[in-house]
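**Q** Here is how the chains run, residue by residue.
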Amino acid sequence: MSEKPESYEVAVERLEEIIDRLDSGQAGLRETLELCHEGRELVTYCAAELDAVGEGLKELKLDELATRLDSETT
Amino acid sequence: MTEARAATGPDRVELPGPFPVGRYARRLQEWMRERARVTLIGEVTGVSRSRVQAYFELRDGEGAIPCTIWLNDLERAGLPDGALRDGAEVVIAGGPDYYPGGGTASPSFSFRATDVRLAGEGDLLARLEALRKQLRAEGLFELQKQLARPLLPKVLGVVTAETGAARRDLLAGLRRRGWGGTVVWAFAPVQDRHAAPAIAAALQGLAASPEVEAIVVTRGGGSLADLWAFCDETLCRTVAMLRVPVVSAIGHERDSTLIDDVAAVACSTPTHAAEAAVPLDCIAARQGLGRCVASLRRVGESAIGARARHLAALARGPARALQRERRVLNQKIREIRAASERGVAERSGFQHRIAALVLGRARLRAAERAVEAERANARRGAGLDRVAAGALRERREALRRAAVALRAHDPERTLERGYALAETASGEPVTSAAAAVAAAQVRLRFADGGVEAEIGGEVEREA
Chain L
3 MSEKPESYEV AVERLEEIID RLDSGQAGLR ETLELCHEGR ELVTYCAAEL DAVGEGLKEL
63 KLDELATRLD SETT
Chain F
2 MTEARAATGP DRVELPGPFP VGRYARRLQE WMRERARVTL IGEVTGVSRS RVQAYFELRD
62 GEGAIPCTIW LNDLERAGLP DGALRDGAEV VIAGGPDYYP GGGTASPSFS FRATDVRLAG
122 EGDLLARLEA LRKQLRAEGL FELQKQLARP LLPKVLGVVT AETGAARRDL LAGLRRRGWG
182 GTVVWAFAPV QDRHAAPAIA AALQGLAASP EVEAIVVTRG GGSLADLWAF CDETLCRTVA
242 MLRVPVVSAI GHERDSTLID DVAAVACSTP THAAEAAVPL DCIAARQGLG RCVASLRRVG
302 ESAIGARARH LAALARGPAR ALQRERRVLN QKIREIRAAS ERGVAERSGF QHRIAALVLG
362 RARLRAAERA VEAERANARR GAGLDRVAAG ALRERREALR RAAVALRAHD PERTLERGYA
422 LAETASGEPV TSAAAAVAAA QVRLRFADGG VEAEIGGEVE REA
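Chains as they are written, first to last, in my numbering: chain L, 3 to 76; chain F, 2 to 464.
Same shape as in the complex, but just chain L:
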């Protein structure tokens, strides 16, 4: 897996598939190693997504958000 997953849920779904496949014991050595590699990348992505909402809840008013967006566009 070289591309970033499109969302957390897609990543988690794929991760569950990978673990099911690995748990089944049906995967060959090469596939196992590739799945483990992909799984680790997905875990890294998911951990980063969780970290993004793990720094403490922030509060903004809609006006402040609008002002911020305006300043970003200009």
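Be aware that one or more of the hints could be misleading.
Only pairs whose alpha carbons sit at most 30 Å apart, straight line, appear in this in silico DSSO-like list of lysine-lysine [to be verified]:
#, chain 1, residue 1, chain 2, residue 2
1, L, Lys6, F, Lys134
2, F, Lys155, L, Lys63
3, F, Lys134, F, Lys146
4, L, Lys60, L, Lys6
5, L, Lys60, F, Lys134
6, F, Lys134, L, Lys63
I should point out that these hints are in silico values taken from the structure, not numbers from a laboratory.
Given the structure of chain L, go ahead and fit chain F onto it with the hints provided.
**A** This is chain F only, laid out in the frame that chain L set:
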């Protein structure tokens, strides 16, 4: 004088009249008052009072009618104090009326209410059901539910009252899930006739921000009349058309307001709304990820480990087979050696026995031969003695003869007879004249001693 001409309509059809307007106005008033009396339900707005009557508008999403009620009728209706106020949902009874005006007074139309009561749950539910049926028929309930809701939104929009428990409960619910994203507040009144348009505007404002991934609309509990703003048709149509999924938590019961029907998810409390807006329990997810990592590591390692062990077992296979073969071979060698040793021992024993037998026989024969030889020797002994004595005598005689002959040849004997022997300094005999000349110096040995002699001249050949 200009001839009077009857007024005509646009299509020039001749119309009755002209009538005096005041008379027409009074006729209109009579006509209206003859209309059937009905009850109307709607929201009260713009309440004002004169000395004798109260004025207000009754409206809903589709339209409005100006209403009047005599204060004595209002008093007789028995409403609680202040109940006839802006935002109140009421049911009024009465019919259309027309005030013709006159003098300086302006004419006006109104619905003359003769009775009024606050709208009950039944009235509101009946209106709600009609609206619900209509919106469902238009498919507006399904639009929000078809939107994908993010499992882990980073930015949440929230529409609620700035003060109130709902705001606090929602935040507490979000924190309980371990969610630390951004909440964008769009505060709005949540109960009166201004509420629905303000909420709709807040929702549209939030949905216009690309960062906002889901929106929560929430307020605390109340009667259906209190929550009526959330049944507003325009608001509900707005929610249905938003691109962002909306989670509603209005009051303490699900599906009591129309916004619950059109929203993507309807919840009973702000806490539940927090869970619906952030479906992922971040705390559990972090633990789950930890387990995933452990599981991946375990599977990866065991996959390699198991195969490595299998490989190692396979790799040991040939060595084991060799060892097995070697053991078999060694066993055979030992057996062969043992068998061989047994055979050797047997043969050796046999040979020893044969040898002993042969030796015994040989000894016997030797002994016999020795006895025989002894006997023969004994027999030969006498003959031998005789032969030996004869031979001795012969040898002595030969010796004597030899000594005589030797003496005859002895130079010393020759010297004794007067000859001299010429020798070189080294004792070699000089046997010719030439040798004597060559030596120059010789020693002449006589029987009684030697003398040195010098050779002079040359060899004289005898004729």
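**Q** Regarding the pair Lys60/L and Lys6/L, is the alpha-carbon distance no greater than 30 Å?
**A** holds (26 Å)
**Q** Would the pair Lys155/F and Lys63/L pass a check requiring their Cα atoms to be no farther apart than 30 Å?
**A** Answer holds: Lys155/F to Lys63/L is near 15 Å, not above 30 Å.
**Q** CA of Lys60/L to CA of Lys134/F, is that 30 Å or under?
**A** Cα-Cα ~40 Å, so violated.
**Q** Take the C-alpha atoms of Lys134/F and Lys63/L, compute the straight-line distance between them, and say whether it is at most 30 Å.
**A** Not satisfied, since the Cα-Cα distance of roughly 36 Å exceeds 30 Å.
**Q** Below or equal to 30 Å on CA atoms is what counts here, so check Lys134/F against Lys146/F.
**A** With Cα atoms ~18 Å apart, Lys134/F and Lys146/F stay inside 30 Å; holds.
**Q** Is Lys6/L close enough to Lys134/F, meaning Cα to Cα at most 30 Å?
**A** violated (44 Å)
When the structure is compared with the earlier hints, violations turn up for hints 1, 5, 6 and for no others.
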